[in-house]
Structures are given as structure tokens and as C-alpha cells.
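Trainee: Sequence:
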Amino acid sequence: MSRMTISAFLSKAKQSLSQSLKSKGEHPASFVIGNESADLDSITCALVYVYIHSSTPEARKAEKCMIPVSNIPSSELRLRPELTALLKHAGLKPTDLVTLDDLGKIQDVLPPNTTDWTLVDHNVLQGTLGEHYSDRIVGVIDHHDDEGKVSKDAKPRIIEKTGSCNSHVVNYCRESWDSISSMASTTGAAHGQGDGALDDAAYTSTWDAQVATLALGSILIDTINMEAEHKVTDHDRKAVKYLEAKINASAKLGPKYDRNAFFAEISDAKSDLSDVNLEEILRKDYKQWDDGGLALGISSVVQPIEYLLTNKLDSLANFVPALLNYAKGRKLDLFAVMTAHNASDTFERQLLLLTVEEGKAVEVAEKFANENSKELQLEESDVEIDGSKAVWMKTWEQKDLAASRKKVAPLLREAMK
2 MSRMTISAFL SKAKQSLSQS LKSKGEHPAS FVIGNESADL DSITCALVYV YIHSSTPEAR
62 KAEKCMIPVS NIPSSELRLR PELTALLKHA GLKPTDLVTL DDLGKIQDVL PPNTTDWTLV
122 DHNVLQGTLG EHYSDRIVGV IDHHDDEGKV SKDAKPRIIE KTGSCNSHVV NYCRESWDSI
182 SSMASTTGAA HGQGDGALDD AAYTSTWDAQ VATLALGSIL IDTINMEAEH KVTDHDRKAV
242 KYLEAKINAS AKLGPKYDRN AFFAEISDAK SDLSDVNLEE ILRKDYKQWD DGGLALGISS
302 VVQPIEYLLT NKLDSLANFV PALLNYAKGR KLDLFAVMTA HNASDTFERQ LLLLTVEEGK
362 AVEVAEKFAN ENSKELQLEE SDVEIDGSKA VWMKTWEQKD LAASRKKVAP LLREAMK
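Just add 1 to wherever you are in the sequence shown, counting from 1, and you've got this note's numbering.
Any given hint could be a false lead.
Stated by the list, open to error - Restricting the straight-line Cα-Cα distance to at most 16 Å, the calculated cross-link-like pairs of lysine to aspartate or glutamate (EDC-like) are:
#	residue 1	residue 2
1	313	276
2	162	235
3	13	97
4	232	401
5	407	64
6	313	273
7	408	372
8	150	292
9	156	117
10	15	59
11	313	281
12	271	281
Bear in mind the hints are in silico, worked out from the structure with no lab data behind them.
Given the structure is predicted, the values throughout are model-derived calculations rather than measurements.
Let the sequences and hints guide you as you build the complete structure.
Mentor: Here it is, written out as C-alpha cells:
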């Protein structure tokens, strides 16, 4: 297996997956999977990690093809216009990705001992996959709180705060990436590509640049163009410097690259919710946890609550019932909506928290509010919401702008315990 474009690689990965499923495990499968919210960072972490490691001489000689999994059904990809915008820079389309639909009922086909799993952008495998394959996790790269579920012997085992998980992936893969890039003259990369005027280095430098844009786009989105001081770490700075060098080394992509324009393109696509309804907005970037006998769900939204009220409802009175219907459909006890958005060039956050029923959930919500309002700098919002249908509901302007879901979720979960 010679080195190839990421588009060709994904085609081969799908073939490899199909072969493993058809053989019912006679052909072992190695998976790299992002978290269940399947945001830009999560999806591209898996793509970059797998492409680099599957392109090494050792992997190519062994014909070992890892499979990057986007942890959502294929129908959910359309809810992520920023993904479509970013993928095109690497010559990809959403249909090129491996999704849960491609896995099907994998648990009925592949015995756990015929698989291994590496987690990126999370450190607990959730849902049906977690029920069947948690014991087969061999590696993890993440930037959330360590929940202690992955063995200390996992390799890699990188769980450390950073603005974007892609930064950890890139820095970890750097030695392997440099190695495969330096072998351009011996890979035969240009052979059969239909343009004898280009040598192997020209091809592979462009392929490297395409993959670099996937990681870089995600890092810039997560760190707000590397300007969010409360998010950016040295891991991010190191990765961005490396990735931009990869892009600038490409005679094809380098001259066109402009960081601010690139960020603006992806950011504008992410903020465009014009083609999705309220329920789709809530599930676009959604995570769920179970703790203390209660279920918590949190939706992250890139527009303010006022936008949802004004643009996504026939009547303002339908807002809270819509939230409750969403929560009940997922059998939640507590449901939160966190917004992060720019208002007049100022970054702002809001937090809405409600309970579905009376009882312990209300106690947890009040405990969370009482114990964390000062730390999160929560100020009661003046957004007018008809909360009469909610058992308990609070809406705050969150002045601690550094506190994303990565911080708020553990605080809520601690109150649940």
C-alpha cells in the first residue's frame, strides 16, 4: 500500500471496514473514534490521527489500515456546515467519512477481541459501542477531564488541557508525519497520477497541506483564531506553527493561505443556522451523561437564546415546551443549553438550565446554582422566556467566558453525585 491522498485513503478505510464486517472478525479492525457530539475537532482529530499513522512505512508494510469513525449517523453531517466548508480544503466531501451507519450493528458482527479502539477528544466510550468495546480501548488523546476509565498502560495516553484536541494529535503525530514527508522521493507518490511534470515531493507536500488544513481549521475554531487567551496553550501554538509550515510548503495551497480569511470562512459557516430547525440545533452539538441515578444533557449552540426565540419559533410560548420535548425524548432529568456567540465583536456566553420533573433533579439544579454562580460569574438574564411550563428553570448571562461545556458539565455532574 503506497502513500495516497486522504480521499483515497478514506475509500480504502471503508473497504477495510467492509472486509472486517463480512469476515466477522477474521480480519481484525482498528478504530479511532471521536466523541458523540461529533464537532469539528472530534471528527478531524480522528481523520488526522488515522491518516498519519496509516501512512507510516510500518503500517503500509503490514497493510494495517486504521478506520476513523465520525460518531454520528450520516444524516447528521448536514447539520455541520462548518465541516463541509473545511473538508473541501482537503478535497473531501461529508459522504467520504465513515459514520455510525457504516458500522451498522457492529456489536452483533465483530467480537470485541477482534477490534481495538483509540479515543480522540473524549476518554470514555459511550453508548452501545461503550457497552461492548470499552475493554478494547488501547489509546486516548483528549483535552477534557480525565474520568479514569482508560488504562494507564494505554498508548498513547494523553489527557491534558489544551484549546483544541487536534493540537495534541498533531504534536503526538509530528515525528511520524515528518518521517513520511521526508520519504516523498521514494514513495512513488506521483507515479500514475497523470501529471509527469510534478515530482513526488510536489504531490506529497500538497497532500500534507490538505491534511494540515483539517487540523488547523479545528484549532482556529476552538481557540477563536488563536485570540482566546483563556483557551490558547503552548500545545496550540506549537501545533499551529507546524501546520502553517506544512501548508506554506505546498506550492499549490501555500500562496493562497491567509489565516484570518480561512478562520472567517469556517467560522461563518459554523454560525449559519438558517437551514436547521430548533430541534436540529439542539442535537447538532449535544452530549449526555448519567451520574447519581440522573441523566444530564447539554446542547452547545453558536447563536444567542434571543436568536432561537426570534428565528426558530412560531410562538415564543413554544420555546420551553420544545426544550422539554427534546429532554423527555432522551429521558433526561436535567437539560442545559449553553450558547457561545459574538455580539458586536464581543464574545458572550449564556446558560439555561431546566429540570424535567420535581424531586432530586430540582435539588441538583439548585445545588449547582448555589455552589457555582460565583465561580462561573452567573448573572440572571433579562431575556424574556415563558418558563411557566418548566418545573424549574434558570437563564443566566455567564460572565466567565473561559467556562465552556468542558468546565460546566463536570460541575453539574458533581452536583448530581
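Trainee: For every hint, state whether the structure bears it out.
Mentor: Outcome of the hint check:
1. Annotation: proposed proximity of residue 313 to residue 276 holds, straight-line Cα distance about 10 Å (limit 16 Å).
2. Of the pairs offered as hints, the one joining residue 162 and residue 235 holds, with about 11 Å between alpha carbons and a cut-off of 16 Å not exceeded.
3. Between residue 13 and residue 97 the alpha-carbon distance is near 11 Å, which keeps this suggested pair within the 16 Å criterion.
4. Of the supplied pair hints, the one linking residue 232 and residue 401 holds, its CA atoms being roughly 12 Å apart against a limit of 16 Å.
5. The suggested pairing of residue 407 with residue 64 is violated, with an alpha-carbon distance near 37 Å, which exceeds 16 Å.
6. Pair hint residue 313 plus residue 273 holds up; C-alpha atoms about 13 Å apart against a cutoff of 16 Å.
7. Restraint check: the Cα-Cα separation between residue 408 and residue 372 comes to about 14 Å, which is no more than 16 Å; the hinted pair holds.
8. Pair hint residue 150 plus residue 292 holds up; C-alpha atoms about 15 Å apart against a cutoff of 16 Å.
9. Of the pairs offered as hints, the one joining residue 156 and residue 117 holds, with about 12 Å between alpha carbons and a cut-off of 16 Å not exceeded.
10. Between residue 15 and residue 59 the alpha-carbon distance is near 20 Å, which puts this suggested pair outside the 16 Å criterion.
11. Distance restraint check for residue 313 and residue 281: the Cα-Cα separation of roughly 11 Å lies within the 16 Å cut-off, and the hinted pair is therefore satisfied.
12. With a C-alpha separation of about 14 Å, the suggested pairing of residue 271 with residue 281 holds against the 16 Å cut-off.
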